[in-house]
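Enquirer: Quick mapping for you: the protein sequence lines, in order, are chains A and B.
With the first letter of the first sequence counted as 1, position 187 gets the number 187 in the working numbering; the numbers rise by one all the way through.
With positions in the second sequence counted from 1, the corresponding number in the working numbering is that position plus 1000.
Derived by calculation from the structure, the hints in this document are not laboratory data.
Nothing here was measured: the structure is a model prediction, and the numbers come from that model.
One or more hints might be untrue.
[What the hints assert, rightly or not] Calculated pairs, BS3-like style, for lysine-lysine (alpha carbon to alpha carbon, straight line, at most 27 Å):
hint: 1; chain 1: A; residue 1: K56; chain 2: A; residue 2: K30
hint: 2; chain 1: A; residue 1: K189; chain 2: B; residue 2: K1030
hint: 3; chain 1: A; residue 1: K45; chain 2: B; residue 2: K1189
hint: 4; chain 1: A; residue 1: K30; chain 2: B; residue 2: K1045
hint: 5; chain 1: A; residue 1: K3; chain 2: B; residue 2: K1003
hint: 6; chain 1: A; residue 1: K97; chain 2: B; residue 2: K1030
hint: 7; chain 1: A; residue 1: K30; chain 2: A; residue 2: K108
hint: 8; chain 1: A; residue 1: K3; chain 2: B; residue 2: K1045
hint: 9; chain 1: B; residue 1: K1108; chain 2: B; residue 2: K1045
Given next are the chains, with one letter for each unit.
There are 2 protein chains.
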Amino acid sequence: MTKTVRTNTDPFQFHYPAGATIVTSRGRGKDNAMSVAWHTAASRKPTIYLVSISPKRYTYDLIVESGEFVVNFMPRDQGDLVAMVAGCSGRDVDKFKEFRIVSNPGSKVGAAVLETAFAAYECKLMGRHTYGDHDLFVGEVVAVQWEASAFDANLTHDVENVPPLMYLGEDRYGTSVGSDYLDREELVKAARQGSSV
Amino acid sequence: MTKTVRTNTDPFQFHYPAGATIVTSRGRGKDNAMSVAWHTAASRKPTIYLVSISPKRYTYDLIVESGEFVVNFMPRDQGDLVAMVAGCSGRDVDKFKEFRIVSNPGSKVGAAVLETAFAAYECKLMGRHTYGDHDLFVGEVVAVQWEASAFDANLTHDVENVPPLMYLGEDRYGTSVGSDYLDREELVKAARQGSSV
Chain A
1 MTKTVRTNTD
11 PFQFHYPAGA
21 TIVTSRGRGK
31 DNAMSVAWHT
41 AASRKPTIYL
51 VSISPKRYTY
61 DLIVESGEFV
71 VNFMPRDQGD
81 LVAMVAGCSG
91 RDVDKFKEFR
101 IVSNPGSKVG
111 AAVLETAFAA
121 YECKLMGRHT
131 YGDHDLFVGE
141 VVAVQWEASA
151 FDANLTHDVE
161 NVPPLMYLGE
171 DRYGTSVGSD
181 YLDREELVKA
191 ARQGSSV
Chain B
1001 MTKTVRTNTD
1011 PFQFHYPAGA
1021 TIVTSRGRGK
1031 DNAMSVAWHT
1041 AASRKPTIYL
1051 VSISPKRYTY
1061 DLIVESGEFV
1071 VNFMPRDQGD
1081 LVAMVAGCSG
1091 RDVDKFKEFR
1101 IVSNPGSKVG
1111 AAVLETAFAA
1121 YECKLMGRHT
1131 YGDHDLFVGE
1141 VVAVQWEASA
1151 FDANLTHDVE
1161 NVPPLMYLGE
1171 DRYGTSVGSD
1181 YLDREELVKA
1191 ARQGSSV
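Build the full structure now, drawing on both the sequences and the hints.
Expert: If you want it as structure tokens, here you go:
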């Protein structure tokens, strides 16, 4: 297959789907929420997670001021909430009140853990780095919360029981299915035997 | 629902599924490949993408030395390749030869763009930050390559035509389905009307 090549990278959504999250923060007397699809794990021990946020966002100010945030991983049935949270700013509205978001404060941070999230990472800000039009907010994961029904005995996501919400770009959303086990060592062994024939 | 709370965050895979990628690098006379599930966009203009890589990996040395890498986004039918690439080190084997990986050099970088990737970001290293047991490798996306059949007219991923490979942790893989349009502005409007009744 011949690939299209372009150095003008707009619209920059070739990397989706990505898990749809709501990042919560708390400050100036209220909770705020922001939909974020740019996020990743950064370290296993200690556990570190990062989100990328534009300085234009109200959440940006609240995390800088509080040094805390929570990454809430959202199931498919919360697509409307994720889209609504993305559709307005905490500067203009109290999203928790407007959208009747049910939550509790984190166990280790003040930012909110959403009732409908299937998992949440409570983070304390370790570092911030400006790259282009966003900043990386790097957080130590000081506590994890999760819904038992969303995970199997190995704490791997059971996507059949609690389908996750995946973001595709351009206000499009889907979910993830399947959980095939691929034995890396067996596959390598088989490939080597095959290539030596 | 009552969430389980834990400050011991092991096994740290509550954030999956994530898109399965193969990060390629080139140096010391050969191409190398590594499976990476820790990656995210960092900026739209300029386009910046990052991957998180352990200093234990051979890819780590090659990116530090070359200042270049490619993030290859893999379709579901390449699960075996992603697992095999994850199952051995470029220090021990030539993965491109061993697994008969078909590729071309990038248009702007020397690292390889895989024939079977549905999209690829060619990156030049802008910055590197150590966090815990991994480093963030932050790259300016100097070129994008993609398979036209994997995207619709808006360049949104057509997951029905080319299903992506999603990583779930613990050597488990699935894919992503669905592409529902959620109109954020309409949803906000409806919620506000509802809450004022």
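Enquirer: All the hints need checking, so say for each whether the structure fits it.
Expert: Consistency of the hints with the structure:
With a CA separation close to 19 Å, the supplied pair K56(A) and K30(A) stays within the 27 Å bound. Restraint check for K189(A) and K1030(B): the C-alpha separation of about 22 Å stays at or below 27 Å, so the hint holds. Of the pairs offered as hints, the one joining K45(A) and K1189(B) is violated, with about 44 Å between alpha carbons and a cut-off of 27 Å exceeded. Only pairs whose Cα atoms come within 27 Å are accepted, and K30(A) paired with K1045(B) is rejected, the gap being roughly 31 Å.
Restraint check for K3(A) and K1003(B): not satisfied, since their Cα atoms lie roughly 45 Å apart, outside the 27 Å limit. In summary, the hint linking K97(A) to K1030(B) is not supported, as the alpha carbons are separated by about 57 Å, beyond the 27 Å threshold. The hinted pair formed by K30(A) and K108(A) meets the criterion: a straight-line CA distance of about 17 Å does not exceed 27 Å. Distance hint between K3(A) and K1045(B) is fulfilled; the C-alpha atoms sit about 23 Å from each other, no more than 27 Å.
Restraint check: the Cα-Cα separation between K1108(B) and K1045(B) comes to about 18 Å, which is no more than 27 Å; the hinted pair holds.
Of the numbered hints stated above, those contradicted by the structure are hints 3, 4, 5 and 6, listed in ascending order.
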